[in-house]
Amino acid sequence: MLQRATRMLDSRCENVAGGTFHSFANLKLRQHGSAMGLPANFAILDRADAEDLIGLLRKEAAGQAKDRSLPRKNTLADIFSRAVNKSMPIQDVVGNDYPHFMDQLDTITCLQAAYTRRKRDHHFLDYDDLLVCFQRLLQEFPDVRRRISSAHRYVMVDEYQDTNRVQAEILYLLTDANKNIMVVGDDSQSIYAFRGANFRNILDFPSLFPGTRIIGLEENYRSVQPILDLTNIVIERAQEKYAKHLFTRKAGGSTPQLIEAEDENSQSLFIVQKIQEFAQRGVPLHRMAVLFRAGFHSFDLEIELAREGLAFIKVGGFKFTESAHIKDVLAHLRVIANPYDRISWHRILQLIEKVGPRSAQRIYDAIAATDAGVAGLFTIRLKHPGIERLAGLYQTIDPTAMRPVEIGAAVVQYYLPLLKQSFDDHPKRAKDLEQLLGILERYQRLDQFLTDMALEPPNISAEDRLVAGDVEEDRLVLSTIHSAKGLEWHSVFIIWALDGRFPSLYAMSKDDDMEEELRLMYVAATRAQEHLFLTYPRQVYDRSLGIVLNRPSRFVDMIPRDILEKRSVRY
DNA sequence: TCACGGAATATTTTT
DNA sequence: TATTCCGTGA
Numbered sequence: 096m097l098q099r100a101t102r103m104l105d106s107r108c109e110n111v112a113g114g115t116f117h118s119f120a121n122l123k124l125r126q127h128g129s130a131m132g133l134p135a136n137f138a139i140l141d142r143a144d145a146e147d148l149i150g151l152l153r154k155e156a157a158g159q160a161k162d163r164s165l166p167r168k169n170t171l172a173d174i175f176s177r178a179v180n181k182s183m184p185i186q187d188v189v190g191n192d193y194p195h196f197m198d199q200l201d202t203i204t205c206l207q208a209a210y211t212r213r214k215r216d217h218h219f220l221d222y223d224d225l226l227v228c229f230q231r232l233l234q235e236f237p238d239v240r241r242r243i244s245s246a247h248r249y250v251m252v253d254e255y256q257d258t259n260r261v262q263a264e265i266l267y268l269l270t271d272a273n274k275n276i277m278v279v280g281d282d283s284q285s286i287y288a289f290r291g292a293n294f295r296n297i298l299d300f301p302s303l304f305p306g307t308r309i310i311g312l313e314e315n316y317r318s319v320q321p322i323l324d325l326t327n328i329v330i331e332r333a334q335e336k337y338a339k340h341l342f343t344r345k346a347g348g349s350t351p352q353l354i355e356a357e358d359e360n361s362q363s364l365f366i367v368q369k370i371q372e373f374a375q376r377g378v379p380l381h382r383m384a385v386l387f388r389a390g391f392h393s394f395d396l397e398i399e400l401a402r403e404g405l406a407f408i409k410v411g412g413f414k415f416t417e418s419a420h421i422k423d424v425l426a427h428l429r430v431i432a433n434p435y436d437r438i439s440w441h442r443i444l445q446l447i448e449k450v451g452p453r454s455a456q457r458i459y460d461a462i463a464a465t466d467a468g469v470a471g472l473f474t475i476r477l478k479h480p481g482i483e484r485l486a487g488l489y490q491t492i493d494p495t496a497m498r499p500v501e502i503g504a505a506v507v508q509y510y511l512p513l514l515k516q517s518f519d520d521h522p523k524r525a526k527d528l529e530q531l532l533g534i535l536e537r538y539q540r541l542d543q544f545l546t547d548m549a550l551e552p553p554n555i556s557a558e559d560r561l562v563a564g565d566v567e568e569d570r571l572v573l574s575t576i577h578s579a580k581g582l583e584w585h586s587v588f589i590i591w592a593l594d595g596r597f598p599s600l601y602a603m604s605k606d607d608d609m610e611e612e613l614r615l616m617y618v619a620a621t622r623a624q625e626h627l628f629l630t631y632p633r634q635v636y637d638r639s640l641g642i643v644l645n646r647p648s649r650f651v652d653m654i655p656r657d658i659l660e661k662r663s664v665r666y
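Counted from 1, the first sequence has number 279 at position 184 by this note's numbering; the numbering is strictly sequential.
What the hints contain is simulated information worked out from the structure, not anything from laboratory work.
Take these hints with a grain of salt, some might be off.
[Stated by the list, open to error] No farther apart than 30 Å at their CA atoms in a straight line, the calculated lysine-lysine pairs in the DSS-like style are these: (1) K580 to K345; (2) K414 to K580; (3) K336 to K661; (4) K605 to K345; (5) K449 to K345; (6) K449 to K214; (7) K414 to K345; (8) K214 to K414; (9) K605 to K168.
Using the sequences and the hints, build the whole thing.
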């Protein structure tokens, strides 16, 4: 965004501070966090790290209480996070969303306290902590608030409907000195309620900032009228919304189509054929996108695209940095940046044969006791030959003298044998590691790299090989709807518009969730400039639920044919 | 204490 | 279906 502004205006835009709430908070906490006793080299826990830590604590707690019905670590992480993002006490979250765990409430609350304590002891911040700590820093330390808020004379926020209470409070404090704030948002595009976003923030804005001027934007510069006619109908079905009716002056385009395909593969073949058709008419691949509700919905399509030799890039879903081998290498780098990063130590030690949780724990304790950082590993005497090798690795690494990419290369060298041992598909994974080194090449500082990997990882799917270099190859875009937010394409295909998939069956029991699914459909459909296709397989048996899904998505069902054309295809 | 295998269970979306 | 959890044997 800042780059685009620089191109359109002038280079002063490069000096604008910008980023996600999380990355901005991270920056400010590193600069000013010492005021609240936070060291500048705190480590950021991503979701998986947080779950690992919670898993450890969970095991300890279960050992004492012999409790077998405790929620899983992933559920616990959900509960803790939801409590923060919705600014609610744990018991309300459990009561509302996990009533079946109500009898475990005490243990859950204890675990959260333990988690909080453990994070503080090790200088870990998880995603939620970044926001909460930043908010506290601004709130409780007037000097810091004055410095930060006067350094930023104007504050602008995009996608305001996706902010939560904590973020709203951060903004309030951040504009303390100058009171210059502008936010842009569309309540109809709020799709992050699951992480605590509350589009009612938009409603509350005028009371939080008296004297607010509201500007309505109803002219759409993206889509042709036939597409808006459809999206206007879709969003009218929302229970709760601020009435608005989009219009455009763009002429041309075609009536959106609803395509019933014989089965999933037939759906894929239809997409492939349509895309080739458009491509032949001169539409570049990167101006077309296939959108879907969940990352795995595109698997079959990906196979067909590969078969036809159509280049594509997949955005969203399971990310590159989330795959085990990447996390392994990152863990090795993380202990260099922060030798007391217990989670990473645990991870890398357990990669070694014959080292399990128990030994890892003992070794970590021994290292920590030497108080010598990574070098502590050299002084402790242990019989594992694998440990010797790990010590050998760290002995060759001098973080002060080596560039990050050189350190990374040494780690990969060490890690490759372990990779071969544990993964059948190690050649593909080895390639990923080279890609990682390619990214690492661009960094001067290791800690900067690690922060970026946690906060702004390449939003590229794991199965997708990263683009070599920065060459802009012409590729079709496959994306989850969430990752498509704010983007636009000449032609858009929404696949799996099948009732039960989209809206997801899991959303059907709650009105709020269904509303969000509807808004998600609205977001997806409004990505299209000229052509819009919705497709669904005629009949799908969902074996985990034991039901047959055979209706088009209720969001686009029963719409007059002059607004949404209907067609069946078979291949 | 580790590694492995069978049983249980939840199942999306992202910073 | 895939992951996670737990018990068992080495």
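Here is what the structure says about each hint:
1. K580 to K345: holds, 21 Å
2. K414 to K580: OK: K414 and K580 at ~17 Å, within 30 Å.
3. K336 to K661: Holds. K336 to K661 sits at ~28 Å (cutoff 30 Å).
4. K605 to K345: Not OK: K605 and K345 at ~38 Å, beyond 30 Å, violated.
5. K449 to K345: violated, 66 Å
6. K449 to K214: Answer holds: K449 to K214 is near 28 Å, not above 30 Å.
7. K414 to K345: With a Cα-Cα distance of about 37 Å, the restraint between K414 and K345 is violated, given a limit of 30 Å.
8. K214 to K414: holds, 25 Å
9. K605 to K168: Between K605 and K168 the Cα gap is close to 24 Å, so the pair holds against 30 Å.
When the structure is compared with the earlier hints, violations turn up for hints 4, 5 and 7 and for no others.
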